[in-house]
Structures are given as structure tokens and as C-alpha cells.
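All chains should be modelled from the sequences, with the hints used to inform the complete structure.
The primary structure of each chain is shown beneath.
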Amino acid sequence: MKLLQTIPLRPCTASWLVLLGLTTITFELGSNAPSQVLMAAVLALTLVKGQLVVSYFMGLRRVRPVWRLVMAAYLAAVGGLIAIAYLTA
Amino acid sequence: MHTEASVDSAQPLPGDFAIWIFIFAELVVFGVLFGAYAFARSTHVELFNASQLTLNRAYGFANTLILVTSSYFVARATQSIKAGRGTACGNWLAAALGLGGMFLVLKLVEFHQDFAQGISLSTNLFYMFYLALTFFHFMHVVMGMAILAVVTYKAYAGRYSAANHTGVETGGSYWHMVDLVWIILFALVYVIH
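Chains A and B are the protein sequences, given in the same order.
The number in the numbering used here is simply the position in the first sequence, starting from 1, with 737 added.
The number in the numbering used here is simply the position in the second sequence, starting from 1, with 567 added.
Everything labelled a hint here was simulated from the structure, so no lab data went into it.
Some hints could be false.
Unchecked claim - So the derived label-pair ranges between C-beta atoms look like this:
#1 B/L673 - A/A813: 25 to 33 angstroms
#2 A/I762 - B/S689: 31 to 39 angstroms
#3 A/S772 - B/L614: 15 to 23 angstroms
Keep in mind that this is a model prediction, so the values were computed, not measured.
We put the beta carbon where it would ideally sit given N, CA and C, even for glycine.
Okay, structure coming up:
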């Protein structure tokens, strides 16, 4: 995420462009046959996208660490729950 | 002595704290629903994979691009009002509202096509989750747009300023939550199989 601050764009503009790119990759990955690798890749991309929204759109990168931790924990919990359900299917 | 970074990292949550209680509650509800979908799928994998293939993923993809861009516009609106540019703030918010409207229209077209194919809540477990989750989210988009509409009106009316922009941050935070939830929903319901 620090990389976004070195790009000569507003961090939220850089995040938006990255979000559009990751969404396109996610959509393309959906054309592949079902697999655990596909599930893990899409889930990882989704969590990165979620963290970008939280940090650069909601602006939580500037708030008290406890709130950043709460949101990161939420994304990790939801992602973990989905991963466990898919891996145990 | 505080550095700029340490002062920044000591800021409270943006907007009214009450909206954050609401946002965290909404996130928990959506999180439970996402978990319920994933675990329901784990006992009906073939049904979920076959039914998911009948969805038009292009709608989900387009709506993700639309909502992410709308969320970006709201972030720019917040930056504008912090710089004291009320009209620019209103313009960004109006553009975000327009994209919110596009999301709703596209989702209604998708729902119409689903219903025309005879899909309903009782068709099977996958469609029950798909329709319930996407309609529940749809209602949040409607609510978010109602909030944004009020904030947009107040921005154009000059009711916000660089010193007083809590309302923009409050409405914006809710809209970003609606975007965040859709990002997970898109991956879960339309893509992962």
C-alpha cells in the first residue's frame, strides 16, 4: 500500500485505477474451471480491493490504529470464513 | 514533539461516530450472510456451481466498476470540501449519485431477466442466496443514494465548508461501506466457484 503514495497521482486516484484493474482480473479469473487456486486468488484480490477502499476511500489510513485494526480484522475474518467453507466443501 | 505522520494517525474516524456504529453493524450482518452462503455452498457444491454459471457475470463486473468509481467520486468530493470548494464537492457528489442510479438500473435489468427465466427465491438454495443478498444490497444502495442526495443538496447550498464537512464524511463513509460490501459480494456470488 505504501507504493501508492510514491505514484505521482493522488493516492485515491491511484487506488481507483488499481481497483479497476483488479476488478477486471477478478472478472477474467471467473472464466477458469473451479479450483482451490482460483478461489484463493480471487479471495486475495478481493481482500486487497477491500483494504484499498478502507484505506484510501474511507480515509482510514489516517485514523487511530485501533480502527484500522478493526477493519483489517473484519476483512480477514470474512475472507477466512469463506476460505474455510470452500476448502472443506 | 509530534511529527505530521503521528498527528495524522491520531485522527478519529471520519464523519459522525454514530454512522460508524451503523456501518460496523451492517458489516457484521453482511459478514454473517457471506459466511452462510459459503457454508451452504459447501454442502451443495454442484448445485451452486451449476446455478452460478447461469448468472450473467458481465452485469456484476459492470456494476463493480460503476460502484468503485462512484465511491472514488465521493472520496474526491470529501477532498474538495476539505479544500473549501463547495461547488466542486457538489459536482463530485452529483456524479457519484448518477453512477449509483446506473447501478440500480443495471441491477433492475438483471433482476428482470432473472425473473423472466423463472428464477425466484424458491427455485433453489443458490438463487435464494443470490436474490436475497443482491436485493438486500440493492436496498442499501437506495438508502446510500438518499443520504448522498441530501449531502449533495447541502453542498450546493453552501452548508459545508473546509471547517465544517462532517456531513460529507458521514454520508461518504456509508457509501464506501456499500461499495466495500459489493466488492466482496461480486467475488463471492459471481466469480468464486
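Going down the list of hints, with the structure as the test:
1. B/L673 - A/A813: 25 to 33 angstroms: About 31 angstroms separates the Cβ atoms of B/L673 and A/A813, which means 25 to 33 angstroms holds.
2. A/I762 - B/S689: 31 to 39 angstroms: Between A/I762 and B/S689, where Cβ atoms are some 35 angstroms apart, the hint holds.
3. A/S772 - B/L614: 15 to 23 angstroms: 18 angstroms, holds
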